[in-house]
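Hey, can you work out the whole structure from these sequences and the hints?
The listed protein sequences derive, respectively, from chains F and A. Quick note: the first sequence uses UniProt numbering, first residue 1, plus one each step. Quick note: the second sequence uses UniProt numbering, first residue 1, plus one each step.
Derived by calculation from the structure, the hints in this document are not laboratory data. Quick caveat, the model's predicted, so the values are computed rather than measured. We put the CB at the ideal spot given by N, CA and C, even for glycine. No incorrect hints appear here.
Residues on chain A that point at chain F, a partial pick, calculated with CB under 7 Å:
#: 1; residue: Ala-28
#: 2; residue: Ser-29
#: 3; residue: Val-69
#: 4; residue: Asn-212
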Amino acid sequence: MEKNEIRSKLVVIGGSAGSLPFLFEVLPRIYSPIQFSILIVLHRMAGTDSNLEALLRSKCSIPIIEVEDKLPLQDGYIYLAPADYHLLIEEGRSFALDDDEKIHFSRPCIDVTFQSVAQAYGSRATGILLSGANEDGTLGMASIRKYGGLAIVQNPASAQMPVMPQSAIDLGHYDRILGIEQIVSFLNEQV
Amino acid sequence: MISDQELNILLEDIYRHYGYDFIGYSKASLIRRVKRICNMDKFGNLTELRHRLFEDDSYVKRFIEELTVNVTEMFRDPSFYRALRQEVIPALATKPFIRIWHAGCSTGEEIFSMAILLEEANILDKALIYGTDLNATVLENVKRGMVPLDQMKKYSENYIASGGQQDFSSYYTAHYGQAKLLSRLTDKVIISTHNLVSDSSFNEFDLIICRNVLIYFNKDLQERVLQLFESSISTLGFLALGSKETIRFSAIDGNFRKLNQEKIWRKTK
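As structure tokens, then:
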């Protein structure tokens, strides 16, 4: 058990305005089952898109779970951060929710989750920052790199709203800039 | 950066020094907030924070206030209040006397929402609402019945989405940037400090509401608190938790029946 935990990898994907089309395009093309887990943190309006989980589930063969308090992380799943809570990784690799003030006008805040993932997963964390209209995620990407993980930004040219990936690029907090096809390939090469 | 181990030592020292027990809290959230306190109060590192905390007894009050989350809303998750209105209030209305406990009520917004539901069902007069929090400062606001005025538009929308049909603005008056709830909505409220970690049951209730408090506790502490709630709820009484919290993994689950899609359970044994 302990050994498995240490070997587990997590890909955390953060996005805001304009990132849903990316997810609908990319997630169905990831080969199932996956040997790692994926965590998706989106700026969502509380109550307005509660069927996002069902919508993603209808298009993906990988099981999708919306996170509840203290849910343990397991390989093979796509986890979706719930609306209206910040999402953190607790010791022993379970999820912890937090309803503290919004950051960047957002709850969940991408920076908060990326920083927590960075600390919990170190070099086994990959962050992918997608389309969005504000600068949330940039500090999180810096954290992922600081702890030895890999920071990928969606090519701003392919993003509906380039502000979010461009912000990480402008401050140098990234390792790779990838287009949609390259991100699909990257995810399918993870073992 | 603060490790789990450094945090544990800090929490144990706070407990020994001041009696506040945060040892069973979720570490991820606490680490985030300790870092924020270091930023706000300009401590360069954990050693400087420790020095202030243990050399200056007046600082601990501020530290505890900043360590705990005091974010709350009126009619948060309107579908939850709709369920209360439709399925819980009618059951409470049949009782001669109603006791409700808001555990971890913070500045009182959920209490004010409950009082409005009771008022609209014409049962506020026979109800007592107990509001408790570990933090005495936030409780002062509950009796005053004050809510930031700039939030009222959102709360009014929540109220309508929850099935409210009255003019929401008739429940408060505006005072210098604050909305003051009508005093009849807070008259039946009793406040007290109560620490879910260390204090025990103090009454029997028909409804206990504790939303988005358990998320800050680890599983062992959650279990302790859920058992405290179970022993404080009358038979056929109700327990309501936050929208991402559950009793499913608790020993008390067998004595409760989930009412609907919302996080509301009814005690059956």
